[in-house]
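Chemist: Sequence:
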Amino acid sequence: MQKSIFSTPSLSRLIILKLLFIIVPGIVQAQQITGVWKGKRKSEKIELKLIKSADSLVGTAYYYHSRSNYRKYSVKGYFDAATNNVIWWDDKLIEDKGGSGILAHSEHDALLNVADFNCPGEDEMRLDGTSSMRDDMDTDKGAVNLLKTKSAVFSDEWDWVIDNYTVGANHPFVIDSVSRLTAGIKPFPEEKEIAAPGPRPVVSPNKSLSPEEKFAARKKNLQTVIPITGKVIEIKFYDNASIDGDSIAIFLNGKLLQQHILLGGEPQTIKLRAEDLEDDNELVMVAENLGTIPPNTSYMIVNIGNKQYEARLFADENSSALVRFIKQQR
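The opening residue of the sequence shown carries number 226 in the numbering used here; numbering runs sequentially from there.
What you were told as hints is all true, and nothing was included just to trick you.
Computed list of lysine-lysine pairs in DSS-like fashion (alpha-carbon distance at most 25 Å, straight line):
(1) K322 <-> K265
(2) K552 <-> K532
(3) K267 <-> K322
(4) K263 <-> K317
(5) K265 <-> K366
(6) K270 <-> K375
(7) K263 <-> K375
(8) K263 <-> K373
Estimated spans, in silico, between C-beta atoms of each pair:
(9) K480 <-> T355: 19 to 29 Å
(10) H396 <-> R537: 20 to 30 Å
(11) L487 <-> G367: 37 to 47 Å
(12) A441 <-> E349: 43 to 53 Å
(13) A441 <-> T355: 23 to 33 Å
(14) E500 <-> Q257: 27 to 37 Å
(15) L487 <-> N370: 40 to 50 Å
(16) Q533 <-> S402: 17 to 27 Å
(17) D401 <-> T355: 28 to 38 Å
(18) V392 <-> E349: 21 to 31 Å
(19) P492 <-> H396: 30 to 40 Å
Just so you know, these hints were derived from the structure itself, not from any lab. C-beta atoms are modelled at their ideal positions from N, C-alpha and C, and glycine is treated no differently.
Given these sequences and hints, build the entire structure.
Modeler: Spelled out as structure tokens, the structure:
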């Protein structure tokens, strides 16, 4: 009777060793980036809890002066194991303790960070990089330097995940469940049909404004951050809900890229070359009109290399949807 090739002990051991060689580095990297990180930015202390799930990151960030004076944000991000680049941003303000009057904080204090994961010593792991305002890449907030530690100042739901990460808590279902529990689900504005407007009063014609001037005053709200890991970025826009005549314009780093894009069931596609982009880029979707069912909502799919990202974008007469594309440093 012919023996199976796996019945040979030496061959079986070789196969197991090869599988471990492939699997173990990924597990080790996930363990290394998952945990509690501490540092300081000017007079403000930082405590960051990161949890890796696939190549995405979730967690919480605390900016504090004391245990009773702090801001707590839910955090989202990405980790590229090939380059050791880490991107994370403050997603939603969960708690604001101790701030009042002119010292009160808001979503506009939210930061975006790009750092290098490095191990300068045998028992030392660091995140070293730069910070900017989450909704404005041109507002530099200085360096960010964090050291991985074993203890946390603040307790929250992620402590259990960190403590049990290697014994089952690293399962995507567990991480997603805790993420929803911690940050909640952001309400997406409901589209409501409006009655046809009455006749408009006659007004004197104003000076003709360029698209850049027309939309510059609108507030930008970050929707997501996407790492650039390939040579070509393909971006597809769809109408997110009812097809109602929504029209958008797309700006890249403050310059009009394309206008009068009518959203529908078929994708409107824009392609960008990575070599033409900066290290940090702002893609802004503005509403040219709101269709018959405001607000203007778009479903965006981005393909870069072998990875796909999705986001739902929201814009109206006062605010525009911001997506930041950040190059991975090698």
